[in-house]
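My request is simple: use the sequences and hints to build the entire structure.
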Amino acid sequence: MSGKKILRLKQNEDLYDDDDSSDDDSYDQDNNNNTNNNNNNNTANLSSSSSEDESEDDEEHNTSTSRGNKRGSDKLQQPSQQPAPNKKRSRGGGQRHSASNFFDMEAAVDDEDEDDDEGEAYYQKEYRNSKRAKENAEREQLDAQTREMMRQQDRRRAAAGGFFTSLESRARSSADNDDDASRNNNTMSQLDRRRRHGGIGGGRSSLEDDEEDEERSVAHMARSIEERHRQSVRRVDLDAQDARPAYVTDYSAVSQQSLVPSVSDPSLWMLGCAPGKEAEMVMQIMNKCVAFALQGKTLGITGAVAAQSKGKIYIESYSEPAVMEAVQGVRGLLQYQMRLIPIGDMTTVMTVTVKKKPVKKNDWVRLSRGHFKGDLALVVGVKDGGLKCIVQCVPRLDYSLADLTPEEAKVRRRTVRPPQKFFNPSEIMDKHALSRQRFPGLNDTCDYYEGNYYHDGYMLKEVKVGTMVKPCGAEDPPTLEELQRFRRRPNQKKASQFDDVNGDDDDEFSENAGSKEAESLLEQLASQQQQQESTAGSSAANGGLIVGDTIEVIDGDLVGMRGKLISLDGNTTVKVKPMTDGIEDTAEAFGDMTEIEFLMGQVRKYIPTGAHVKVMDGRYANETGTVVAIDDSMGGNDCLAVVLTDLTHKEISVRTSQLQESAEIASGQDKLAGYELHDLVVLSGGGSTNEVGVIVRVGREEFTVINNHGIVREVRPEELRGKRNSSSRRAVALDVQGNQIRVGDSVNVAEGPHKGKTATIKQMNRAQLFLYSQTRTEHAGIFVVRSRSCVLSGARNRSSMETANANGNGFKGGGGAGGRGIKREDGLIGKTVRVSSGQWKGYIGTVADATATHVSVELHSRLKKVMVLRERVAVVGDKYGSTDNPDRQQQYNGGGMAPTTPFLQGGATPMHGGATPMHGGVTPMHEGGMGGGGGFTPSHHSAADAEDVWRPGSIDQTPKRDENNNGVGGVDGDGSSTFGSFSDASTSDAFAGVVSGSISNNKGNAGGMSGTTVSTSTGWGSSSVSDQSTLNTWTPQSSTADPSPSPFADNASVQTAGDISTNGGTADLNGSLGGGSASTDAFAGKAAAGVAAVDSSSAETAVWFMERVVVELKSNGQPGTIKEVNSDNSARLELEGGEVVTIHGAGEVKLVAPKEHDTVLVTGGADVGVEGELVCIDGSEAILKDGNEDFKIVDLEHLAKIAESDAM
Amino acid sequence: MFFVKELTHEIVLEPIHFGPKLRSTIVRLVKEQVEGLALANYGFVINVIEVPEDKVKSGIIEYDTGNVVFNVKYSALLLRPFTNEVMDATVSQCNPLGFFAFVGPLRIFVSKHSMPEDMFNGFEGEKEAWISDDKEVEIVRGCPVRLKIKGSTVEEGNISAIGTIKDNYLGLIGEP
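Residue numbers (UniProt numbering), protein chains in the order written: chain A, 1 to 1208; chain B, 1 to 176.
Worth flagging that the hints you see were computed from the coordinates, not collected in a lab.
On a predicted model such as this, the values are computed, not experimentally measured, just so you know.
Keep in mind that a hint or two might mislead.
Unchecked claim - Anything over 10 Å on all C-beta distances counts as not near chain A; from chain B, calculated: (1) 1; (2) 2; (3) 10; (4) 38; (5) 41; (6) 42; (7) 48; (8) 71; (9) 127; (10) 129; (11) 162; (12) 175.
Stated by the list, open to error - On the chain B side, residues computed to face chain A include the following (Cβ under 10 Å): (13) 92; (14) 93; (15) 110; (16) 111; (17) 141.
What the hints assert, rightly or not - Chain A stretches covered by chain B per the calculated footprint, using a threshold of three residues with CB under 8 Å from any CB of chain B: (18) 339-345; (19) 554-568.
Positions of the beta carbon are idealized from the N, C-alpha and C atoms, including for glycine.
Structural data, given as structure tokens:
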């Protein structure tokens, strides 16, 4: 029953003071009748008032009374089950009785309010709604006597129980009246009683009533008995002093109908006023009426009420001018909005909507705005008749705001939700911002800081009910954790109060009321839980035992024994098969006993530390995790297990009875409203338009999201605007080395707060990577890093590396895409494929273009391009040899192809060779071997024009031309594909660099080696070095020069392989190269020989030729450190003695073989760029400990000793 | 515990490999595929010690693909954590809930509940270290610790364990 007030005025001097806030609005119409009668009566019946005064000063506006009156005048409407009123009426005098009935009733209900009859004027106030809030407001205006009365009213209300709800329903009810009646039996009986009394007039005993019954006809009685039994009989005592039996009767639709206002009842006018001022307006009108009444004038209105509608009050009167008069001069009322309510709508006006429960003091509520959204708060006071309340909550203060510029602070305030923390004045730097003020409306003196009041560490806030707070309903009660957080522990409090210079003396020794409240609720919950456990027959009662569980005996002779539960007999005994230390077959130890019986209380579930468990029950139901500790201090047959959850890496405390050993790894509660854990979602609100985040926790009805700035906040499902998982999966970013990285890759964080961590990319958004690390506990292991702060690492590169090395072929040269991620699209483009199913099944063609799902194949046999699903094509290769490693192929091509020979590297080489003179050395060999196979020449791009290769000038154009010619012929397409992928990373630059002989990579440091450029020049470097050294040094150096084996090379191999197998023309090649391919070393040797012959003018630098590398002068073997490398390939070398010499080119020096414990730099392979300490050397491999304390296994050849870092 | 065991592994070979180097390919593939793997019952394969080539029997040709399946026997060095086994491990990361330590590839988590009482509240966020109340023991990244395995979880391809240092002779055994 919400805030409605009715003010009822009597027009004669006899105004009855009554204050019953429990009255119901639906009775309004009755009240109208009532008043109506009173009006009539009183004008005619002044004499009677004195007698009324004596005994029945108080009026009960319960309509049942008025009903009696009404019946008197309107008997036709009365249902037949009111048999006796006439008879009873004889007791009261004719005129009087209607009034006296009415007042009788009052007396019956409220005998104590006798003092009021001393006053000449009794005014009657009827507060229809039982809001305490209203009372509070009223209190200010009532004198002490009234207050006393109200106290009594309260008591009465408590006794009356659900009276009013029923009234409401009655007002509305039509057909299902029986139902209604039985539901609200209590009320009905009461009503009935009153009605009778109304009819009868005076107070009567139940005896009288019985006698009366006897006088009725038998049939009548039978029926009434029947009716009586149809309902559950109940008696209601309205007041202890006024204990009267309640009569139970039915309420028919007809009688309900009789309550509905008719034309003979006063009309209702609606007036507008400022929202929230309704109660005040009614008060004013009441005061006015009282004042007028005191002057002997009466206002012609019969009531005023503030119903639930906002900004509206209703005035009840027989005449419109009376209303006008009544509102005349009342400020705040909008007279021009006055409107007559049609009779049909009058009930609606008074209909109570129960859905909003008013907040009461000490209620728990949830705040619904701002940072406090969802926070628990305690109502410490109610204001404005329940429209506002004062709540106490744990503040969320952000002290760092003070240090920021206004703009930054603005952003931060909007985005960052500070954690809950009790207010502590001593933590506030700016003492001027802090003051002591009184909280308006409360007696407490509070700390005042930045517009908010703090008391005892809590924040006090006046909020609007409904919009800013929501009551904690039954479906959403405060959780244990919230309460625990809310409760301020005494010690903590004390500590803070000692700090608190302004410490509040009043509260020094008493704990904060709110804190106490929380504590009591906690205790209540705990006891409830215990009760539940002791009574509930299910899991809790038997300790959650299930047949098959391991149990431990905790009581009796066999304490400590463990066994397997064989059966549960009822809920009292269990049968256990003993076992010791996990060995089940220990029957002998117990004298052939295969099973022992125990009482349920003697055993408990045994969960060992380290077990993987699933929570079956309770708050954490369905979580899984590993038990990290067991605390059996609780006693009883239950212990507390600390479980480290799999999903969120949090520690939760669960009773062992709720646990079940399980191998299952829960996805847990990871779905809500279509969103899952680790989804990339778009966030709305928060100002920025493109805010995205990754879900790191899925709550019951909200998510915890870490956004692209690494800020964590809670959002509700409706705040999310869809997932971006697919775009994240498609996205490609570049790491610090220019490698392409994508979701699923493993990266090392190279800089920033997360430096040194290795993690997997879970999601990415633009340049922001959402990394997942299993060893991190916060935010489910997710953290945010910029892609440019990461270095690609992980198995992908390494595996290709190892494969390459395993071949023992250092001649792989370029490894163009070495450091780069695999670009699948590129990998397929240009390849010859066979369509394996669909319309074009069996056709062979060249891939002209590729997307994530489709490839566009240019068919060899027809002049046509077709789009085919990626899965539907099998690479059948190109003609440049075959791959050495089927696994690699599978990785890229889904296992489409088989042919593999070690020869491939040679095949790959010329491809790169196309760009380098060095490889040129190789080419003639092939040419010889192939006998002019033509297609094999490095100049794939221009089929026949092998000469181009030899003209450095043409090389720059090569990629472009390739692209132009892309896919013109199947055979040539292969070459173009190669270049295509090359060109992806600014190939031409790389080539240009190579051709001009500039050392593009020397400028970069270890980490700065980027992509193609490095790799390409690396290839060069190796060749150039070899030029100047002997063939013996070739191998290691070339391996050094083989930085990254790369998908690129592999692609090449794949193509090569394919062609061999499919291309008749190149079958030759295979054959002719067979010998060579059997031993790649031999091939490499040849190649080297070829290279050696090549003009060395474009001498390149070895990959290790960079600063800090320790080298040895070839001339005299003096060791030194490269201090500076110039762009012209010369370098400054600091010799051991401190002498500085300048060398020209890497050829003058050679690497110093690193020894154990040296600091080394990895110059090739998957871990290129990594610096670390050489732990040990194992044959050709070295074990390295990098800066992250991770151990890496690297080929020894890739290591360059560097000077002990001084700069790092 | 480390131990050596004879195991078998199934290798599927494409026809391209059928040639004089078949056996060495098989050996190589076994190493590649098996090393680093965690086998549920045997633990991590640390190293394939030997793949006796003469013991590689002829394989079975798959009808559909033409691939050949070889069942290869090999002996491998394995690392398997046993409950209550005491191991020396290197701390790799400390967090407020405990620390992670590694024994080779095996990750062991030691919860704060499994630490001596005087370390229970000893996490220091700034240093990322677990420090005992008397400041004597300071477990940071890189420290060698002796711990006892309390349980292990086998996931696909990985084994992780829960350990404790709350016992006699357990805990920090050296400087980082």
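For each hint, the structure was consulted:
no.: 1; hint: 1; result: holds (16 Å)
no.: 2; hint: 2; result: holds (17 Å)
no.: 3; hint: 10; result: holds (15 Å)
no.: 4; hint: 38; result: holds (14 Å)
no.: 5; hint: 41; result: holds (14 Å)
no.: 6; hint: 42; result: holds (17 Å)
no.: 7; hint: 48; result: holds (14 Å)
no.: 8; hint: 71; result: holds (19 Å)
no.: 9; hint: 127; result: holds (15 Å)
no.: 10; hint: 129; result: holds (15 Å)
no.: 11; hint: 162; result: violated (4 Å)
no.: 12; hint: 175; result: holds (14 Å)
no.: 13; hint: 92; result: holds (7 Å)
no.: 14; hint: 93; result: holds (5 Å)
no.: 15; hint: 110; result: holds (8 Å)
no.: 16; hint: 111; result: holds (3 Å)
no.: 17; hint: 141; result: holds (7 Å)
no.: 18; hint: 339-345; result: violated (count 0)
no.: 19; hint: 554-568; result: violated (count 0)
Checked against the numbered hints above, the structure breaks hints 11, 18 and 19 and satisfies the rest.
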